[in-house]
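There are 2 protein chains.
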Amino acid sequence: MSTSIRLGKANDMPHVLKLIKELAEFEKEKDAVEVTVADLIRDGYGKDKLFLCFVAEVNGKIEGMALIYPRYSTWKGPVIHLEDLIVTEKMRGHGLGNALLTEVVKYGHQQGVKRISWEVLDWNEPAIDFYEKKGAKVMRDWDVVQLDAKGMETYLMSE
Amino acid sequence: MSTSIRLGKANDMPHVLKLIKELAEFEKEKDAVEVTVADLIRDGYGKDKLFLCFVAEVNGKIEGMALIYPRYSTWKGPVIHLEDLIVTEKMRGHGLGNALLTEVVKYGHQQGVKRISWEVLDWNEPAIDFYEKKGAKVMRDWDVVQLDAKGMETYLMSE
Chain A
39 MSTSIRLGKA NDMPHVLKLI KELAEFEKEK DAVEVTVADL IRDGYGKDKL FLCFVAEVNG
99 KIEGMALIYP RYSTWKGPVI HLEDLIVTEK MRGHGLGNAL LTEVVKYGHQ QGVKRISWEV
159 LDWNEPAIDF YEKKGAKVMR DWDVVQLDAK GMETYLMSE
Chain B
39 MSTSIRLGKA NDMPHVLKLI KELAEFEKEK DAVEVTVADL IRDGYGKDKL FLCFVAEVNG
99 KIEGMALIYP RYSTWKGPVI HLEDLIVTEK MRGHGLGNAL LTEVVKYGHQ QGVKRISWEV
159 LDWNEPAIDF YEKKGAKVMR DWDVVQLDAK GMETYLMSE
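Protein chains in written order, with our numbering: chain A, 39 to 197; chain B, 39 to 197.
Not one of these hints is a red herring.
FRET-style restraints, in silico, Cβ to Cβ:
{"no.": "1", "chain 1": "B", "residue 1": "Glu63", "chain 2": "A", "residue 2": "Ala48", "range": "43 to 53 Å"}
{"no.": "2", "chain 1": "B", "residue 1": "Val75", "chain 2": "A", "residue 2": "Trp161", "range": "39 to 49 Å"}
{"no.": "3", "chain 1": "A", "residue 1": "Ser40", "chain 2": "B", "residue 2": "Ala70", "range": "39 to 49 Å"}
{"no.": "4", "chain 1": "A", "residue 1": "Ala76", "chain 2": "B", "residue 2": "Asp69", "range": "38 to 48 Å"}
{"no.": "5", "chain 1": "A", "residue 1": "Gly131", "chain 2": "B", "residue 2": "Glu197", "range": "17 to 27 Å"}
{"no.": "6", "chain 1": "A", "residue 1": "Ala76", "chain 2": "B", "residue 2": "His147", "range": "22 to 32 Å"}
Covered stretches of chain A, as calculated for chain B (at least 3 residues, CB under 8 Å):
{"no.": "7", "segment": "67-77"}
{"no.": "8", "segment": "102-109"}
{"no.": "9", "segment": "118-127"}
{"no.": "10", "segment": "168-182"}
Derived by calculation from the structure, the hints in this document are not laboratory data.
Predicted model only: the values in this text are computed from it and were never measured.
The beta-carbon is built from N, C-alpha and C at its ideal position, and this holds for glycine as well.
All chains should be built: construct the whole structure from the sequences, respecting the hints.
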């Protein structure tokens, strides 16, 4: 089995979207995916680059990806956020997730950022164990809050 | 009492940093603040603008701020993250937090993003109540994970 990690290119986006949809389906949220291949190409490879992604190839086929972008910490300055770390179901347990995460940490280290952050489902104990063994801190007392497009409309109407 | 919300300018950054430090002290993490006024000016008003901030003024004095930046959702595309929403202790309860959040939601709506996200401490019930009343979803099963600079070093050494 020949595996390699490299930067994703615009023409990898159909494969990347497939991975995104596979994960959404696993989380029973398939219909929540609104982005298209064209969106990913525009947002990752257009004038304003909103993200960077790494892909994991096995025998020349994309079987995993990690998507990151900059954030800003008012305590630490520029930091990096790992939005998605996805490995196809059939290729799990072969170290692809580990190899992708290592690439992200290397990248963050090269960029000189003081933190890499991501989010995890609190019942996903295998993932939490993996992250903690890697030295990451799972901040169980911090929750994620989201106001979606409909929520924004309702909010502004009630003001 | 005359209050107003406006975009923060480079020369507001000393006041903004004071607010950041006040919040960190409240969270018993004062020493965690490593950013300086010069960092905030470079990162918010330099060539690469990493954030945008709004300030709340009361009688011409800055008493609150909201700091935002773009993120990228692999489900929704470009979204906005609210990193900090801070009001000085003595000015709480006067609607400044509400006015700042409204400004952020207006901005997100104008930009056409499909989501605004932020993070909240799970024991901060007054904040959670406030956000939920505003239509936001507090995702209690998602935790924040952070790998800091020391963790990155350890990670890469163990590979």
